[in-house]
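Trainee: So you can see what is in the structure, the chains are spelled out below.
2 protein chains.
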Amino acid sequence: MSAPSPTEYGVGARFSLHPMTSGFVPVILDALAAADASGVDVSTDDVSTCVRGPEPAVLRFLCQVIGHAAGTGVHTVAHLLLSRGCPGEVTCELPEGADAWAPDVDLGLTSTGLRAGAHWSLYPLLDAGTADADTQDHMAGIYEAIDQARSRGTFTRAEHYATRLDGDLAAVLSTIGEGWLLAGRQVQHVVSHATISLNSPSTTDAGADR
Amino acid sequence: MSAPSPTEYGVGARFSLHPMTSGFVPVILDALAAADASGVDVSTDDVSTCVRGPEPAVLRFLCQVIGHAAGTGVHTVAHLLLSRGCPGEVTCELPEGADAWAPDVDLGLTSTGLRAGAHWSLYPLLDAGTADADTQDHMAGIYEAIDQARSRGTFTRAEHYATRLDGDLAAVLSTIGEGWLLAGRQVQHVVSHATISLNSPSTTDAGADR
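Chains as they are written, first to last, in our numbering: chain A, 1 to 210; chain B, 1 to 210.
Honestly, the hints are just simulated from the structure, not real lab data. Errors might be hidden in some of the hints.
Some chain B residues near chain A, calculated using beta-carbon distances under 7 Å [claimed, not checked]:
1) S48
2) N199
3) S202
The C-beta atom is built at its ideal place from N, Cα and C for all residues, glycine as well.
Put together the whole structure using the sequences plus the hints.
Mentor: Right under this line is the structure:
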């Protein structure tokens, strides 16, 4: 397939941002206003914010929004859903499994100086009965993504239902974005979820023992 | 398959709870302490809490924890990951696609009096090349789950990457749990994610226009 546009391929994210302070509204609004939204469409409702556009622009926007909120020093948690390969809503507007495609994985995020811990899940979504269901391998992309996390130094451990990542916010988000794209070379529809925590007051630093 | 135990089948959840107040620590700790944890194993770290056990006990625990936190009147957001059919961590300890199994979908949650809005995603995870990959149908379970949400009255609309649900917290959680089990009758490994918001100060009530 020649490179489809992000809109054609359904590339985007849904996220929510939780600065754990009674004054959370200005922290969220300031963070959304401070981030570079060039190249992305952003829409917010009372549950989450949808960001659509090319993968590097989506990840840059997420990194800047989360980084700006956490830069206040407030304990901040973000939850991300990344999706590509399934434009539309309940039903996909592309033929499923027709062609897996992903751009280069270099997302170009710059270090934030903010330490983040995350629980990360990666879901390459195969469909039964499609032309290449017998040859597509969803585990291959997952192993590549975990190898990439190890070489980045962000992999901490596998846990129930998720993988623990730790590192600079940009390194954690790069790991998540790179995994999403690596799996996307094998399987058309790939979704990833992550819960990312910064400035946690918890005395248990789960990432410190690796 | 005769009914596997929840541990054998890898049934459980990972969730995080965000009461949006500077005094979030006691709200979280009180909510965890107040919920009925009989029948579930609960472990908390600095990013999320893992709950393992039979589906009705897991959902009851989640409903009570979230309900207790939101019952303070504070704007509270919870993120859930529900998983069944893939015990183990990176690699599954069951043969994939071997046998899909799910108990009755009656979860028995009682109304909380708390209104919740949610973005919900349901992922039946098929594997290529398994014995029944040609006969398993991941969309069938998704359509059944959405029909169930419509008959419960919690379905609001399909959005990018998620379905919007609104209703009593117990009805929203029942919809999510029932969808997880309905899809689990067709496909062994089923994961569901949801972002659930209560007491939002947002003037946009996205659920009000249905």
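Trainee: All the hints need checking, so say for each whether the structure fits it.
Mentor: Quick rundown of the hints versus the structure:
1. S48: 5 Å, holds
2. N199: Not OK, violated: N199(B) not within 7 Å of chain A, min 11 Å.
3. S202: 4 Å, holds
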